[in-house]
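J.: If you're matching them up, the sequences are chains A and B in order. Mapping to this note's numbering: the first sequence position 232 is 232, numbers consecutive. Mapping to this note's numbering: the second sequence position 126 is 126, numbers consecutive.
Just so you know, the hints here were simulated from the structure itself, not pulled from any lab data. Here a beta-carbon is modelled for each residue, glycine too, at the ideal position from N, C-alpha and C. Some hints here could point you the wrong way.
Label pairs and their calculated CB-CB ranges [said to hold, decoys possible]:
{"hint": "1", "chain 1": "B", "residue 1": "G22", "chain 2": "A", "residue 2": "D247", "range": "46 to 52 Å"}
{"hint": "2", "chain 1": "B", "residue 1": "D26", "chain 2": "A", "residue 2": "G11", "range": "41 to 47 Å"}
{"hint": "3", "chain 1": "B", "residue 1": "D60", "chain 2": "A", "residue 2": "D247", "range": "25 to 31 Å"}
{"hint": "4", "chain 1": "A", "residue 1": "D18", "chain 2": "B", "residue 2": "T73", "range": "42 to 48 Å"}
{"hint": "5", "chain 1": "B", "residue 1": "E49", "chain 2": "A", "residue 2": "R240", "range": "42 to 48 Å"}
{"hint": "6", "chain 1": "B", "residue 1": "T155", "chain 2": "A", "residue 2": "L31", "range": "54 to 60 Å"}
{"hint": "7", "chain 1": "A", "residue 1": "G11", "chain 2": "B", "residue 2": "S20", "range": "31 to 37 Å"}
{"hint": "8", "chain 1": "A", "residue 1": "T13", "chain 2": "B", "residue 2": "D60", "range": "41 to 47 Å"}
{"hint": "9", "chain 1": "B", "residue 1": "A157", "chain 2": "A", "residue 2": "V97", "range": "28 to 34 Å"}
{"hint": "10", "chain 1": "B", "residue 1": "G101", "chain 2": "A", "residue 2": "P85", "range": "44 to 50 Å"}
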Amino acid sequence: MAEDQVQLASGTTIVTVDHVRLDYHKEREPLPVLADVSLTAARDELVAITGPSGCGKSTLLRIVAGLIKPTSGTVRVLDSEVKGPRDDISMVFQNFVLLPWRTAIENVLFGLGSRADLTEEERKAKAENALQITGLQGFESVYPGELSGGMKQRVGVARALATDPMVMLLDEPFSSLDDLTAERLRKEMYSLLINPQTSVQTVILVSHNVEEIIELADKVVVLSSRPAHVVGELKVDLPRPRNKKSDEFFEWVDRVYSLLS
Amino acid sequence: MMPANVRGGQVISLVEVTGSIGGRVDIPKLADELGADVAVLLPILDAAEMLGLVRTEKGDVHLTEMGHRFQKTSKEKLKILKERVAAIEPFRTAVELASKGKQVTPSQVAEALAEMGLKWHYQPDINESLIRTLLIHWTIYAGLLRYDGKSGKFTRA
């Protein structure tokens with residue numbers, strides 16, 4: 001965990017998405033993508049965003065990351081407005097986005113490139129620690145092409161963790177993996193991220209897989225089709241680890257589906 | 001011989017899922033539980049059987065006593081993997097060659113195994129690449145070998 005990070009009580013709001021609207025422009029006509037989206041993500045909370053395909057959920061995540069500027073509305077981390085990419089927000093992508101000519105540790109070090117406050121030794125130590133947390137100790141010198149899909153995604157997670165982010169954004173992180181690998185990584189992801197060993201204080205996951213959402217989320221935000229607005233928010237109070245075969249689990253899955261349909 | 005396309009994580013998932021449903025399950029149900037096609041599952045079952053973790057009998061999969069121990073703790077997983085993986089090819093030859101010399105390349109392992117008539121593919125370059133992938137995926141995790149991607153060489157851990 002970052003030494004200078006503020007200790008916040010569990011449940012403190014970390015991320016606030018406040019009346020975010022996004023319009024693309026097609027031949028000067030505005031094409032609304034996000035109509036009016038507001039949500040919060042609190043300390044020790046995993047918030048899942050879901051909605052119909054193409055509704056703009058990944059776009060919303062990129063707005064939270066500071067990669068896209070909203071047409072109106074704001075995103076704040078604590079009291080600070082997100083105006084562009086920043087070190088306290090990290091993102092894990094669906095297709096890993098690793099540099100194939102760099103080894104696992106070099107990919108993680110690349111993610112630390114913006115941390116001018118660190119010496120080379122400190123960067124290396126952070127990268128090694130992040131790879132260890134994600135179960136890749138011993139794989140530091142392996143190239144992405146020599147790793148399995150699950151391991152590539154672990155490198156993606158290690159790269160995101162290495163910068164000591166407060167906010168972790170996951171964009172469909174399991175959808176490029178085979179079922180068996182996805183299942184195993186999903187089982188580990190919650191405890192891997194929401195864990196005193198890491199700096200992460202809140203996680204926002206975008207997914208279209210409702211069972212995955214109920215397995216992982218503390219809160220589910222359901223978006224409508226485009227232009228997206230929030231059609232419902234559910235607090236998932238199932239105890240962990242969650243039994244995917246239980247009747248209660250299916251009741252929660254049904255609740256999300258009824259909001260989606 | 002370890003099947004070329006099986007990874008350690010897949011075997012771990014298979015053992016954990018079989019254990020979580022009582023330690024005995026039929027193959028189609030196991031495939032369903034794992035969300036995997038039976039065709040994908042069969043080589044994973046072969047690998048798990050080779051490692052002594054499961055036994056298949058009349059279409060049912062049973063966890064062995066070792067499989068039950070393997071399922072329970074991470075410490076046991078690594079200990080069992082280290083012992084069992086070292087006894088299976090291509091890992092046995094790779095560890096032996098890395099112990100004799102200071103380091104070993106997948107090409108040297110492939111050559112030594114070909115002399116014993118063991119090949120994963122008839123084309124030498126594909127065979128070598130499959131052996132490299134198997135060594136990376138099993139021996140590093142099991143703590144048997146270290147790998148340097150830049151030189152392409154393995155050394156004893």
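J.: It remains to establish, for every hint, whether it holds in the given structure.
T.: Here's how the hints hold up against the structure:
| no. | hint | in the structure |
| --- | --- | --- |
| 1 | B:G22 with A:D247: 46 to 52 Å | violated (19 Å) |
| 2 | B:D26 with A:G11: 41 to 47 Å | holds (46 Å) |
| 3 | B:D60 with A:D247: 25 to 31 Å | holds (27 Å) |
| 4 | A:D18 with B:T73: 42 to 48 Å | holds (46 Å) |
| 5 | B:E49 with A:R240: 42 to 48 Å | violated (33 Å) |
| 6 | B:T155 with A:L31: 54 to 60 Å | holds (57 Å) |
| 7 | A:G11 with B:S20: 31 to 37 Å | holds (32 Å) |
| 8 | A:T13 with B:D60: 41 to 47 Å | violated (52 Å) |
| 9 | B:A157 with A:V97: 28 to 34 Å | holds (30 Å) |
| 10 | B:G101 with A:P85: 44 to 50 Å | holds (48 Å) |
In summary, the numbered hints that this structure violates are 1, 5, 8.
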